[in-house]
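**Student:** One-letter residues, chain by chain:
Number of protein chains: 2
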Amino acid sequence: MKVYVIGLGLIGGSLSKDIKDAFKDAVVYGFDKNPENVKKALEIGFIDHAFEMQDLSQAEVVIVAIPVDAQQKVLPQVLDRIGDDTLVFDAGSTKEKLCKLVANHPKRRNFLATHPIAGTEFSGPEAAINGLFQNKTNIICEVEKTAFKLQEKGLEIFRRIGMRIRYMDPVAHDKHIAYVSHLSHISSFMLGKTVIDKEQNERDIFDMAGSGFESTVRLAKSSPAMWTPIFKENKENILETLQEYIQNLEHFKNLMEEDQFEEVFKTMENTNHIKTILKGIQ
Amino acid sequence: MKVYVIGLGLIGGSLSKDIKDAFKDAVVYGFDKNPENVKKALEIGFIDHAFEMQDLSQAEVVIVAIPVDAQQKVLPQVLDRIGDDTLVFDAGSTKEKLCKLVANHPKRRNFLATHPIAGTEFSGPEAAINGLFQNKTNIICEVEKTAFKLQEKGLEIFRRIGMRIRYMDPVAHDKHIAYVSHLSHISSFMLGKTVIDKEQNERDIFDMAGSGFESTVRLAKSSPAMWTPIFKENKENILETLQEYIQNLEHFKNLMEEDQFEEVFKTMENTNHIKTILKGIQ
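As given, the protein sequences belong to chains A and B, one line each in that order.
The opening position of the first sequence corresponds to residue -18 in the working numbering, with each subsequent residue numbered one higher.
The opening position of the second sequence corresponds to residue -18 in the working numbering, with each subsequent residue numbered one higher.
Just so you know, these hints were derived from the structure itself, not from any lab.
In this text the structure is predicted, and so the values were computed from the model without any measurement.
All C-beta atoms in this analysis are idealised placements derived from N, C-alpha and C, irrespective of residue type, glycine included.
Just so you know, not all the hints are guaranteed correct.
As the list claims (entries may be wrong) - Derived contacts from chain B toward chain A, CB cut-off under 8 angstroms, selection only:
| # | residue |
| --- | --- |
| 1 | PHE32 |
| 2 | MET34 |
| 3 | PRO87 |
| 4 | SER104 |
| 5 | GLN115 |
| 6 | GLY193 |
| 7 | LYS213 |
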């Protein structure tokens, strides 16, 4: 199986690693706009060869794993160049605009719109790890618009690398993912900023930070190059979640100001309910 | 060494476990206002015997590991009952009021005000684990007010369970800990609340939540019974951090609304700096 991967960072690299493990006949070709990343990917060994865009006609599977703004430029070019039986899938964190963009492309049926919900706060080829997708959810949008045989090929890949599948329409995907993923990145970045701004001249203070702070601020290590386009793409949904988050913080602050600590207790107690919900993620 | 532990939850229990491992002659006595917890602690085996408050005169070391509001009631009673050579230390997340409260107690020199910065989001005797304090920081306040011999005894305990020590005055402690611990609990609780409020009728949505959301919302599982008194005690400092956090979120929201995505990028890039800072925690 000839797999062509565009974008050799955390996601493209980890997919390559897992696919090489899961398909013994897989030969992985890699492309990245940064030649340094191609070199690193070859050295690490998760790609077997470099390729150029004009080689895409040879591909059996093409994976587009680049920031969501770049995707919109690159995906139509990919579809223009592939053969009739090639499966193309992406891994972007927003789906509505991309699906609209290719809705009328003659090769629309070769494309499977997917969002594997997996990642770490690290980026680049060195961040690629085996098993990243094991037991994680892959959201597939507009599955009915993909040729049935290519759906099957995609599902076989996701099954072998350990993913469970959920189907969702792109509008619902973008709305919900704003709550359970995009908002937590902003809350984490702003927490990091608040603490750094305040404590910048007191580095020793971070000795006081425990694992709780570390966990809450972990996502503030994430790549701005990846996340800025996501925030831009999903702007309206994210602004709605941010508005609600800020309102909840204001309300909590008011309760504290007014010494309504019984209400503070209740609010936290009700939110403890997240324990039960998160069990589903484990 | 006869160690009397008041409060048999996550912290009291974990301290008991580690002290039993580190001091082969340690006999641990336990007290909890909830008799069920005493029973569980005996079953788990991290205490050897139950005790009542009037037995405290027998203690060589007393550990007070209860919510910060209860501490203020209990600590003076403990100091009233101990012998001249007994070391008493606490584990509370706020220090200023407690230190003021006992400043003039005749047994002030028997008390060491400490804040071991360690924990998990779980609570109760079953949450107690071995090694919780390994490589963690213990903040000691007003060390000069503790008898030198008892300082030594305390330090020996903390050394053997693997803690590093930082000295700090109580006012500075409460101010800084609001940033690196208390604020992240509120940001996490409000993130959990925002998502639950929105998605309460769509449980399936949580299938979309990945490890990023889980990490950011982890602290929302924490005990309201422990955290409400902390928020009450450290109200002024926390309100200041909350104000700054909300301002940063508002600013980020404004940048998005005005399509200033270059600034969004820069803000995140500057905050990535948290990577370097957090290395100190590892």
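**Student:** Does each hint hold? Answer for all of them.
**Tutor:** Okay, the hints, checked on the actual structure:
no., hint, in the structure
1, PHE32, "violated, 30 angstroms"
2, MET34, "violated, 26 angstroms"
3, PRO87, "violated, 31 angstroms"
4, SER104, "violated, 10 angstroms"
5, GLN115, "violated, 12 angstroms"
6, GLY193, "holds, 5 angstroms"
7, LYS213, "holds, 5 angstroms"
When each numbered hint is compared with the structure, violations occur for hints 1, 2, 3, 4, 5.
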